[in-house]
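**Q** Please model the complete structure; the sequences and the hints are all you need to start from.
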Amino acid sequence: MKQTSVLSGAERSRRTSQRRPLQSLRDCFVAALLAMTLLASCAPVEVSAPAPTIRVNADTSKWASIPAGEFHHGQFNEMATINYDYEMMVYLEMATINYDYEMMVYLVTNQQYAAFINAALAEGGIKIDGDKIAGFYSGDEFHGVKHEERIEAGDWIYIPLNDPSLRLNSDGRTFTVQSSWEWHPMTMVSWFGAQAYCEYYGWRLPTEMEWEKAARGTDERPFPWGDEILRENANFYASRDPFEDMSSFGSRTSPVGFYNGNVYDGFQTVNSASPYGLYDMAGNVWQWTGDVYEGMHYRFMRGGSKDTYDMDLRLWVRNNATPTYFSPGVGFRCAR
Amino acid sequence: MQFVKDRFNYLFGSTKGLILVAIAMVGIVTAIWGMLSGPMAEMGVREAVIKTLGMDIVQAEREGRIVILYHSIAMAIIAIETYMITSLLKMKAFFKTAINVIITAGYILTLTFGLVFAYFGHNWIFHGVYLFGLSLIFFAGLLLIVALWPWNPETYITDKDYARTKKGVDMERVAFFATAVTTVISALFGAVPGSYYGHGFETTIVLNLGVWGVVTPLEPVAHMIIYVGATPSMFAALLLLIWNWSKLIREGTAHLQKSNFIQKLGALVRDPLKFGPTWQMLFMNFTTSGIGIFMAIKLDEIFRVWPAREERIELTGHWHALSAIIATIILLYYGDMIGLKGKVRRLYGWAILILSDIALAAVTIFEMKRLFIAEAVQQPLVNGLMLGIDFGLGLLLVLLATVMVWRLIDLFKPKGRWAEEVTHELAQEVMK
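Same order as they appear, the protein sequences are chains A and B.
All residue numbers for the first sequence refer to the working numbering, where the first residue is 1 and numbers rise by one.
All residue numbers for the second sequence refer to the working numbering, where the first residue is 337 and numbers rise by one.
It is worth saying that the hints were derived from the structure and are not from the lab.
Not everything, but these chain A residues come out facing chain B in the computed CB check (under 8 Å):
{"no.": "1", "residue": "Q75"}
{"no.": "2", "residue": "S247"}
{"no.": "3", "residue": "G250"}
{"no.": "4", "residue": "Y325"}
{"no.": "5", "residue": "G329"}
Listed next, with one range per pair, are the computed distances between beta-carbon atoms:
{"no.": "6", "chain 1": "B", "residue 1": "W460", "chain 2": "A", "residue 2": "T322", "range": "36 to 46 Å"}
{"no.": "7", "chain 1": "B", "residue 1": "R682", "chain 2": "A", "residue 2": "N271", "range": "57 to 67 Å"}
{"no.": "8", "chain 1": "A", "residue 1": "G130", "chain 2": "B", "residue 2": "A572", "range": "50 to 60 Å"}
{"no.": "9", "chain 1": "B", "residue 1": "L651", "chain 2": "A", "residue 2": "G266", "range": "32 to 42 Å"}
{"no.": "10", "chain 1": "B", "residue 1": "V517", "chain 2": "A", "residue 2": "D155", "range": "49 to 59 Å"}
{"no.": "11", "chain 1": "B", "residue 1": "R682", "chain 2": "A", "residue 2": "E46", "range": "45 to 55 Å"}
{"no.": "12", "chain 1": "A", "residue 1": "G295", "chain 2": "B", "residue 2": "E399", "range": "19 to 29 Å"}
{"no.": "13", "chain 1": "A", "residue 1": "R173", "chain 2": "B", "residue 2": "T567", "range": "52 to 62 Å"}
{"no.": "14", "chain 1": "B", "residue 1": "R648", "chain 2": "A", "residue 2": "N271", "range": "26 to 36 Å"}
{"no.": "15", "chain 1": "A", "residue 1": "G266", "chain 2": "B", "residue 2": "E399", "range": "32 to 42 Å"}
{"no.": "16", "chain 1": "B", "residue 1": "F622", "chain 2": "A", "residue 2": "E46", "range": "25 to 35 Å"}
The beta-carbon is built from N, C-alpha and C at its ideal position, and this holds for glycine as well.
**A** Written out as structure tokens, the structure is:
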């Protein structure tokens, strides 16, 4: 291999000293660039900064009816039918749909969840346990599958109380919603907390298949509203909605039902309801689903969120986590 | 006509020409398709590229498109590595020519027809040609295995300075042979389920089960097998690094009677193209190997507790960093191979090292951020890291483009650099 010429020590030192002023300038530039990057990276984030006060006027008590029938599911549009055996908690393959069901038109809001906590605390069904609210869950059957963890009957976390991302305040007895967050989806809630909310009112979390049909209808669309996604369709990462500030706290939740075709603070939304009229079935927050799969302690989420790119908003995309997981980007809605 | 013929012979008939073509192809694909995701998508560049080039993007086909894109880039890299092997190791001229011709046709067909199929409407003939290209590369791999057979007495070595068995079997050749065999087997593992899931050929179920039948009994000890294989590999890399750095220091301080630490350090980093490849191997420990081992040890505490999406981000960063660092090592070797000198050599070498390492360090922090920062407060950090990644990779691509334009201009010169490289073989250079 050809070598570069070898300079004598003196010659190299002479050349080095000649380059010094330029080198110093370059070093200063690189150091300044690095310092600016580091400073920008370490800028404080005010997590509890209020959201823009935008009232969507969503009727959060509304339910959507989804009729029995076949539908396409998954990325490859398999024809499937829902026949879920609630005693066995399994899907029966390719059976005929034998029930209609309903799902909430809107995600459960902070206000709704605060009301649930207050009622359940008063009744003694749940409790404040140190830095969290916890409640009873009857446990899962353990199959001893590799990596499966036991979910025993007992008290499990619903929400953390020491995390600044929680949009609820408490005086130790009563919970209220922080100003401007009333109509935003409830987040920082574990699967146990989501499941308990639905169960408290006599409902349940939707199964994955129910969720997917409610989002998709009976055709092969990848998004609840159709084939393509615009920034005006949903709240996703860097979608430039009025609630995000990418130089500070990043993407944040939008009020439930925000993408309804109206203009808010000069931001034109597109009506992005699913074929059955459900809102926020893509983006805003991941939604817990109710399936408990054999040999697996993980729970599954659907819909993508404010923190994900548009590809995760495609309605067959799944996310999963342990049932104790909570995040500013995870919420839920109920089915019945 | 002679003008075109001479250039064609250089580009497709010489080792350095073939490597240049493959690097140019990868560079073009990376520059264009890199604009379709991440921050480029956020800034709206993706939409502009899609519209300008008339791409046909169907939401449901994203994963399929990416599979084809990554296969296309990977096949060009495989081709570059193969050219280096056929140029460096002794083999019959027939094999060398056949392997180079077949793999060149294979990766060009794979890359061209694969990307056109995936991104510009689905012409299934193009998909067929894409698969044909992959098959050619597989066939070239089989030929390479035959050509590299280490127990051929004609390839035995007698020089005791080189690793060999008592009989004279060249251990370096054995290593290349083993790499070729395992790569071809790995390709089979990918091809069998790929053909099943891609086309639903029922008959491949049998083959598929066969593959799993081999793998499944080993599954409980799979991690142990990986550790047993990886540990000596990493140890060998460490030995290479020690040998290389000692050599650079020894040669760089030869003119001094006694050298101090600063002089030794100066000698070590004097030539970025000699120092760079092993530095990148060391840096790989911070961006890939070290992270991998850490995650493997903490699997139950971290990986299995993180939500799937965080896991995906970590893995995506991990494998992109690994691929990118290998690409930079190839670029450093390439700069050395084409004999860059003086300031250009230093600028090229240091730019690759500094820019890629800034980007890769930022990727590493990004993928591991959940260990030390909460989601709610991560945005400023993410912004800073994205700046580092875009700055590093963007300027690296500009540098690569500059080199490619320079080589393109060179091709128009009657006695350009290309004319000197037509007959050069890498083996000759190693002997120097």
